[in-house]
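K.L.:
Once you've looked at the hints, dock chains B and A against the given chain S.
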Amino acid sequence: MNEIISTVIIGIGVAFDFFGILGLIRLPDVYNRLQAATKSVTLGTWSILLGILIRYGFTGVGVKALLCIPLLFFASTVAAHALIRGSYIFGIKLWDKSVVDDYKDVWRGK
Amino acid sequence: MKAALHFIFLVGIWLLLTLNVTLPNIAVGVVSAFVVTLFFAKYSLKADKKQFHIHRYFWAVIYGFIFLWECIKANIDVMYRVIHPRMPIKPGIVKVKSTLKTDIGKVFLANSITMTPGTITVDIIDDYFYVHWIYVHSKDPAIYTQKILGRFEKYLKRIFE
Amino acid sequence: MTSILNIFFYILIGLSFFCLFRIIRGPTIADRMVSIDIFGILVVGICALLVIITGREFIIDIAITWTILSFIATLALAKYLAGKKLNE
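Chains S, B and A, in that order, are what the protein sequence lines are.
Take 1 as the starting number for the first sequence in the working numbering and just add one per residue.
Take 1 as the starting number for the second sequence in the working numbering and just add one per residue.
Take 1 as the starting number for the third sequence in the working numbering and just add one per residue.
Don't take every hint at face value.
[What the hints assert, rightly or not] Derived DSS-like pairs (lysine-lysine); straight-line CA-CA distance at most 27 Å: (1) Lys90/B x Lys104/S; (2) Lys154/B x Lys93/S; (3) Lys147/B x Lys106/B; (4) Lys104/S x Lys46/B; (5) Lys73/B x Lys79/A; (6) Lys93/S x Lys95/B; (7) Lys157/B x Lys147/B; (8) Lys73/B x Lys154/B; (9) Lys106/B x Lys2/B; (10) Lys104/S x Lys147/B; (11) Lys139/B x Lys97/B; (12) Lys90/B x Lys46/B; (13) Lys42/B x Lys106/B; (14) Lys93/S x Lys79/A; (15) Lys2/B x Lys42/B; (16) Lys104/S x Lys101/B; (17) Lys79/A x Lys106/B; (18) Lys97/B x Lys93/S; (19) Lys101/B x Lys147/B; (20) Lys104/S x Lys73/B; (21) Lys101/B x Lys90/B; (22) Lys79/A x Lys95/B; (23) Lys154/B x Lys97/B; (24) Lys93/S x Lys90/B; (25) Lys95/B x Lys42/B; (26) Lys104/S x Lys106/B; (27) Lys93/S x Lys157/B; (28) Lys154/B x Lys106/B; (29) Lys154/B x Lys95/B; (30) Lys104/S x Lys42/B; (31) Lys104/S x Lys79/A.
[As the list claims (entries may be wrong)] Computed footprint of chain S on chain A, listed as stretches where at least three residues anywhere in the stretch have a Cβ under 8 Å from a Cβ of chain S: (32) 7-18; (33) 24-37; (34) 42-52; (35) 64-78.
Derived from the structure by calculation, the hints contain no laboratory data.
Note that CB positions come from ideal geometry on N, CA and C, so glycine has one too.
Chain S extracted, bound-state conformation (with noise of 0.2 Å):
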């Protein structure tokens, strides 16, 4: 039964995969890219995770797989972030339809 249930949760985790890499292919541009991708794809390799988890139960491997949770949450997260600010500094472009851009004051006075 747990079997059962940790396939399904892991195969709901290589479909979020799925879509978060085909949102790296077809977007148009770094910053919506880095929207799909990261999202996506953290949330599938939690569902991963937690798949172990819930097959092993609380031994070694299940534990191990559980405080990965935490840990690639804020891997994940604090990397979008800089990678993100990293490339508007840079000076690439936001995509030509963008409607707003607040963030072009703070860089305008220095």
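P.N.:
Relative to chain S, chains B and A alone:
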């Protein structure tokens, strides 16, 4: 005080990672946690009475479930925009004012914004968050502040302030 | 049950090839860095899946280590993008 909390936290993580309560294992954990504490305790969180309030941990658990639900909704939303043949996106960077005061609260708010519907925090300057949004619903500050921050801010206030 | 997991494993391997495609094609340097970051997270998922398929439990340690290492690598690359020295 600060260093002691840091040390206990590190030893707890070591015991969880190894799941093995023999004496040599605990000795290795204590020694390595001590060395790490010696160098890095000054970067740790400031210790005050807030860390011993039980109801904060209760709200943290509730916040975890709300966050997970928002995260799944975010992914379905992004999935829809990616699959749709014409890609209904309208990106932009907006400026949002937050009312949280503590640094740790701001960090958690920024990380939560990054994981939820089509928003990524670009920068934090004082009280203002610069947020990249994949679909700008409206240009009125009152409406988008409510839409981006409204769900998380009130729980984070109960946890950290 | 193992055959389904094998199919998932091959799907993840295929997805990492799409990631490599973006690394090669990416019009700007930032695209390549985003792609490297995503590739790191995908590898963590592949390691986690290998634990179940092969039954060797030490592979989850590799997954944890890979999370931390890819995080540090991405931070270093982002610092380079923002034009700062590494000790700032």
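K.L.:
Each hint needs a verdict: does it hold in this structure or not?
P.N.:
Here is how each hint holds up against the structure:
1. Between lysine 90/B and lysine 104/S the alpha-carbon distance is near 18 Å, which keeps this suggested pair within the 27 Å criterion.
2. For the hint linking lysine 154/B to lysine 93/S, the alpha-carbon distance of about 35 Å lies beyond 27 Å, and the restraint is violated.
3. In summary, the hint linking lysine 147/B to lysine 106/B is supported, as the alpha carbons are separated by about 17 Å, within the 27 Å threshold.
4. Between lysine 104/S and lysine 46/B, the direct Cα distance comes to roughly 35 Å. Violation of the 27 Å bound is thereby established for this hinted pair.
5. For the suggested pair lysine 73/B and lysine 79/A, the alpha carbons sit about 32 Å apart, so the restraint of at most 27 Å is broken.
6. For the proposed pair lysine 93/S and lysine 95/B, the alpha carbon gap of about 18 Å is at most 27 Å, so the pair holds.
7. For the given pair, lysine 157/B sits about 17 Å from lysine 147/B by alpha-carbon distance, which is consistent with the 27 Å threshold.
8. With a C-alpha separation of about 20 Å, the suggested pair lysine 73/B and lysine 154/B falls inside the 27 Å cut-off, and the hint holds.
9. Distance restraint check for lysine 106/B and lysine 2/B: the Cα-Cα separation of roughly 21 Å lies within the 27 Å cut-off, and the hinted pair is therefore satisfied.
10. With a C-alpha separation of about 22 Å, the suggested pairing of lysine 104/S with lysine 147/B holds against the 27 Å cut-off.
11. Using a Cα cut-off of 27 Å, the hinted pair lysine 139/B and lysine 97/B holds, with the two alpha carbons roughly 14 Å apart.
12. The hinted pair formed by lysine 90/B and lysine 46/B fails the criterion: a straight-line CA distance of about 41 Å is larger than 27 Å.
13. The hinted pair formed by lysine 42/B and lysine 106/B meets the criterion: a straight-line CA distance of about 20 Å does not exceed 27 Å.
14. At roughly 19 Å between alpha-carbon atoms, lysine 93/S and lysine 79/A fall within 27 Å of each other, so this suggested pair holds.
15. Under the criterion of a C-alpha separation no larger than 27 Å, the hint pairing lysine 2/B with lysine 42/B is consistent with the structure, at around 8 Å.
16. A threshold of 27 Å between alpha carbons decides the hint, and for lysine 104/S with lysine 101/B the separation of about 25 Å falls inside it, so the pair holds.
17. With a C-alpha separation of about 22 Å, the suggested pairing of lysine 79/A with lysine 106/B holds against the 27 Å cut-off.
18. Straight-line distance between C-alpha atoms of lysine 97/B and lysine 93/S comes to about 24 Å, which keeps the hinted pair within the 27 Å bound.
19. Annotation: proposed proximity of lysine 101/B to lysine 147/B holds, straight-line Cα distance about 20 Å (limit 27 Å).
20. Our distance criterion of 27 Å between C-alpha atoms is broken by lysine 104/S and lysine 73/B, whose separation comes to about 30 Å.
21. For the suggested pair lysine 101/B and lysine 90/B, the alpha carbons sit about 31 Å apart, so the restraint of at most 27 Å is broken.
22. Between lysine 79/A and lysine 95/B, the direct Cα distance comes to roughly 23 Å. Compliance with the 27 Å bound is thereby established for this hinted pair.
23. Straight-line distance between C-alpha atoms of lysine 154/B and lysine 97/B comes to about 14 Å, which keeps the hinted pair within the 27 Å bound.
24. With a C-alpha separation of about 15 Å, the suggested pairing of lysine 93/S with lysine 90/B holds against the 27 Å cut-off.
25. A C-alpha spacing of about 33 Å is found between lysine 95/B and lysine 42/B, which places the hinted pair above 27 Å, so the restraint is violated.
26. For a cut-off of 27 Å, the pair hint linking lysine 104/S to lysine 106/B stands: about 22 Å separates their Cα positions.
27. For the proposed pair lysine 93/S and lysine 157/B, the alpha carbon gap of about 36 Å is over 27 Å, so the pair is violated.
28. For the hint linking lysine 154/B to lysine 106/B, the alpha-carbon distance of about 13 Å falls within 27 Å, and the restraint holds.
29. Between lysine 154/B and lysine 95/B, the direct Cα distance comes to roughly 19 Å. Compliance with the 27 Å bound is thereby established for this hinted pair.
30. Between lysine 104/S and lysine 42/B the alpha-carbon distance is near 35 Å, which puts this suggested pair outside the 27 Å criterion.
31. This hinted pair checks out: lysine 104/S and lysine 79/A have alpha carbons roughly 20 Å apart, not beyond 27 Å.
32. Note: the region 7-18 of chain A has 5 residues with beta-carbon separation from chain S under 8 Å; the three-residue rule is met and the coverage holds.
33. Here's how the region 24-37 of chain A fares: 8 of its residues keep a CB closer than 8 Å to some CB of chain S, so the rule of at least three is met and the hint holds.
34. Figure legend: the region 42-52 of chain A, annotated as covered by chain S; annotation consistent (7 residues with Cβ-Cβ distances under 8 Å, at least 3 required).
35. Using a Cβ-Cβ cut-off of 8 Å, 9 residues of the region 64-78 of chain A lie near chain S, which meets the minimum of three, so the contact claim holds.
Comparing the model with each earlier hint shows violations of hints 2, 4, 5, 12, 20, 21, 25, 27 and 30; every other hint is respected.
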